[in-house]
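Visitor: Chain by chain, the residues:
Number of protein chains: 4
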Amino acid sequence: MIIILRPDATKKEIKHVVDRIKKMGLKPWISKGVERSIIGVIGTEDAIRLEPLEAFPGVEKVLPILKPYKLVSRDFRKESTVIDLGSGVKIGGEEIVVMAGPCSVEKEELLIDIARKVKAAGAKVLRGGAFKPRTSPYSFQGLGKEGLKYLKAAKDETGLLIVTELVDLRDLDLVEKYADIIQIGTRNMQNFGLLKEVGRSKKPVLLKRGMSNTIKEFLMSAEYILSEGNFNVMLCERGIRTFEDATRFTLDISAVPITKNLSHLPCLVDPSHATGKWDLVAPCAKAAVAAGSDGLIIEVHPNPEEAISDGAQSLYPERFAELMRDLRKVAEAVGRGIPQA
Amino acid sequence: MIIILRPDATKKEIKHVVDRIKKMGLKPWISKGVERSIIGVIGTEDAIRLEPLEAFPGVEKVLPILKPYKLVSRDFRKESTVIDLGSGVKIGGEEIVVMAGPCSVEKEELLIDIARKVKAAGAKVLRGGAFKPRTSPYSFQGLGKEGLKYLKAAKDETGLLIVTELVDLRDLDLVEKYADIIQIGTRNMQNFGLLKEVGRSKKPVLLKRGMSNTIKEFLMSAEYILSEGNFNVMLCERGIRTFEDATRFTLDISAVPITKNLSHLPCLVDPSHATGKWDLVAPCAKAAVAAGSDGLIIEVHPNPEEAISDGAQSLYPERFAELMRDLRKVAEAVGRGIPQA
Amino acid sequence: MIIILRPDATKKEIKHVVDRIKKMGLKPWISKGVERSIIGVIGTEDAIRLEPLEAFPGVEKVLPILKPYKLVSRDFRKESTVIDLGSGVKIGGEEIVVMAGPCSVEKEELLIDIARKVKAAGAKVLRGGAFKPRTSPYSFQGLGKEGLKYLKAAKDETGLLIVTELVDLRDLDLVEKYADIIQIGTRNMQNFGLLKEVGRSKKPVLLKRGMSNTIKEFLMSAEYILSEGNFNVMLCERGIRTFEDATRFTLDISAVPITKNLSHLPCLVDPSHATGKWDLVAPCAKAAVAAGSDGLIIEVHPNPEEAISDGAQSLYPERFAELMRDLRKVAEAVGRGIPQA
Amino acid sequence: MIIILRPDATKKEIKHVVDRIKKMGLKPWISKGVERSIIGVIGTEDAIRLEPLEAFPGVEKVLPILKPYKLVSRDFRKESTVIDLGSGVKIGGEEIVVMAGPCSVEKEELLIDIARKVKAAGAKVLRGGAFKPRTSPYSFQGLGKEGLKYLKAAKDETGLLIVTELVDLRDLDLVEKYADIIQIGTRNMQNFGLLKEVGRSKKPVLLKRGMSNTIKEFLMSAEYILSEGNFNVMLCERGIRTFEDATRFTLDISAVPITKNLSHLPCLVDPSHATGKWDLVAPCAKAAVAAGSDGLIIEVHPNPEEAISDGAQSLYPERFAELMRDLRKVAEAVGRGIPQA
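Protein chains in written order, with this note's numbering: chain A, 6 to 346; chain B, 6 to 346; chain C, 6 to 346; chain D, 6 to 346.
In case anyone wonders, no lab produced these hints; they're calculated from the structure.
Note that the structure is a prediction, hence the values are computed from the model and not measured.
No incorrect hints appear here.
Since the list gives no way to pick one copy over another, a pair counts as held whenever it fits inside one copy or between any two copies.
List of simulated lysine to any residue pairs, SDA-like, C-alpha gap at most 25 angstroms:
no., residue 1, residue 2
1, K27, I9
2, K37, K66
3, K66, R79
4, K124, K160
5, K282, P73
6, K28, S42
7, K112, D24
8, K75, A251
9, K32, P62
10, K37, E310
11, K201, L174
12, K182, P138
13, K160, V94
14, K66, E222
15, K182, Q146
16, K66, E18
17, K154, D173
18, K182, E114
In isolation and in its complexed conformation, chain A is listed as follows:
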């Protein structure tokens, strides 16, 4: 940690800061410059993080040096984590895993129909929301337990794994029972109580980036889950909020290589929510694979105009199948693969 002092910091003020650091068992060193002095601190920064050093008189700014996360860091684990999602599907290795399905679970037969089609195209995981966090209290909030049962039926029918969102920690047991992967949505990325609960779960977690959270905060939220014992966490970039209004969000494509550099955890991209427009899903999905993403999560609906939510960003099953064929080529071009159904 580097403590930059104000140009007018007095000797007494400097001594005050130094004493505090020593009192914590850490070793300060002072460097006097022409205009101002600097104090460096050697030792575990965790201790010092508790101290609001910027509130000390004479202190202008405090610059942390060490990363605030540990377990999620590549410094902690050099090799990439490969998560076994079940049924022989693994994410984080050579193969790219595609998850697909409707935004919301609506009707059982419809869901099974979609499941069959995305499976045929090569998807390994069926997505579908039973609990929906909606901006408006008057919007459809999901079928709840009934929706989970439909997902289970689709799994039984097709063998696809199930990923579905958990929005309320009181539903954890229920969701755990039906899902293979628990999704934490963008609006809950900093719902720390929820993160801790899924950290105690045995199920893999797909953590979506908050729409206005930095990559550092994203990794800190993953750290919450790992610190409770669940290391099977996938990071999912899904677009961030910017001034650009041509898309619902702005897909932060560079988040893919950055999270892969900083962390050993697998990384996915959701091009459907990032863009909000079906005709941007294909180019952005290809970009994600080219940039090194380990997986994709894509909205597919046979009749987008009947979809209860997010129809405008859903692909028809035929378009999804075509996209999968294209993605396979891009995956191979970057030394990865997407297996056939």
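Given the coordinates of chain A, assemble chains B, C and D onto it according to the supplied hints.
Guide: Then chains B, C and D, alone, in the frame of chain A:
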């Protein structure tokens, strides 16, 4: 609702959209332009919101006209809502209510000491976090129930009302028991389960704006609370996330007149979290009052360098007292008042 | 154009708006809703744009329907524009054009050395700044005319085309004399005088997106150039300003398919400036090609630690050559190609 | 300057960095930590800024400590700069200077009428654009020289000072001849050629903040002007670009105290462009004065619905007069004043 058709929309496509609208019991009207046609829809938009019209062939864009919120709207209630917080303190009327205290509740005597000092300066409500949502799992997470008891002790001692944050809906009964006002923090503004729960509570709610949420989404989150029956909601602007890094967040001062125009609910400003720097708190607090804010929530700590969290943005009690004197003048300049202790 | 009236708009106010529209030779139609009325306007919106309708009493909001740009629009020209850059190099067709070179032109031999290496790897255009817009008045501002001469020497030596930035319209003649492509930088995207001048030039223009400009504004700036007669404009996405601080800017990858959808002009991506970090250049360049970009502009320097500007985002020539090999595979995967040197 | 090394930096790499620093006549000190080492550099950072240290092997990050600006800094000049604008009007002292007028100069009599009215209300400077930077090439671009003459006529008539925008450096002589204050608009904040030119002018400059520029970049642009010899620069906050779409821009009110802290230059606020809505101008103007602004620049038009540009954000003269009365009270509440006409 206005539906803008693509320039190449076919007659069949237009009929398809029109038929759907009629089927929902709504009245469409078509207007043919030189380049493209437009369909307007008369009737309650709620019905049509369920339909993802942008997914219909031939449709380019859908423009909603009506506001998506109702109960929070000034169209619903013309006169400003004045909330009785207890002990004769009312917010939303002529008097400006100042809430002050430490970021986190730490020690009982310290809290009582702060409470006495902020009361003497004119604050009517004591703030203090017992449950703290923290970016890092390794940071201090609050004293929990113990902290609530200290708040109660400070209330008994000084008569100040208590506002404290609820982060986990399992703690609602506990927080309700000790707090006069339940705070929903910025990271939980779209934790819809939590919003519904406090919507069923009898206690006034202080809802902080999400750091990357639009004012429309902010009002929709308030609508969640009102739609469950709790109309005693205060809106609190606390800074939004932008590219500017000289401050922790960017205080959106125009959110004050905008929320006052759009909604009948009282509006507050938190200049401490918005700026993250104590020397910006005073000018921003004055700006908030000048812009029409009904209240302020300010961090005060007698020894910021000992504060467990957010010391850098806390005011010394003496500075707070000085600020209160200045604020009183600004309040009077805009036809409001801040009563003496 | 759709004019949404306030719920309390009076008959007189509505008549006032309607009369104005008629006076302009346009045809209004009124649609009365339960809560509020709407006025639609048929005819060229250009006329009405001059009128600040939002200032009329009774008017709540004005929603434009037509796009504000024309010549750059795909509605104006259906087929994609292919620009002949000279020496048989064409952009906008099947082949992807890569431009590479140092941020700033420094020394003649060094530049020729880089030119040879990027040519060998398959680049068709040499980039290099002779005039540098720098945030600080104390930073190196470029070699000016001397730098242009070095670029010319590198062209003579290698046959590469030259792209270089124009920052001051007084230098247009000079830059036109030496460059094959005139670059307009991000800070000048709305320097309208400069845009008009290059609009009168015969040279192709590479227009970089302003770091905080919407895609709509980006296209409007291109419209300035086309409206003066120069249709040879390339659009270059180079990252936008967001709250994320892990990169210098956030590469808006979806801008590639969006500009390709809305406009017939070729589109490029600058992954070096977008990210500011050399280790993110390769994944983002691949993503750009996968997303449909017609070209790339990449910083290359044999000794980044000696580079006068932007060393941290420059690739070594060997890494660039390796990237070109990888890009070729991605290009082929999406049905495009990058020819060998 | 602090250079943070990678955890795996070799001795050779460290020596390489250290040698370079010494070669530049600067003094490095090394501090070895448990996880990584740090190199501090004592001496003028200007020298080292030329070196792209982040490109050196073994270097992870470079943290500058000194501010990159000098002449604009309060470290350079402790006391606030008071600029004599002419006719006895001074900005930066106790009195708050209000500039008002139409967005664009349209007709002579109209302009003189507005000038008389804003003068009567207490404005000291008449604003009005003769050269207009417009997003669309098809929008009204201003009357040019004719407009400048009208401004001169209004000055002769009323005695008000004139502020008007310079958009093209070829017009500097012309604008200098007619204007008392040269305005540099938000789109030209980083048009460095233009900044240098007005830096050589004798006229005071009103520099608007770029809509997506940090305060640091804002001060650097002012530094360009001062470094050419013109110290009479006023900084004008006019709203930044964020995700919020309820306003055209987001007024960054904290920029007022921040620029006042960091710089000795006077600071103004433009609430009209920041919000884009007339009904937000008054609350934001009051907030600006409360936050410590030295001046305001406000759009006023007697007939906003006839205004050629930005009618929606213009105040009627009567509303402006009312606002001036309110502002006077707020100014007095914060120990400042706005003199009567």
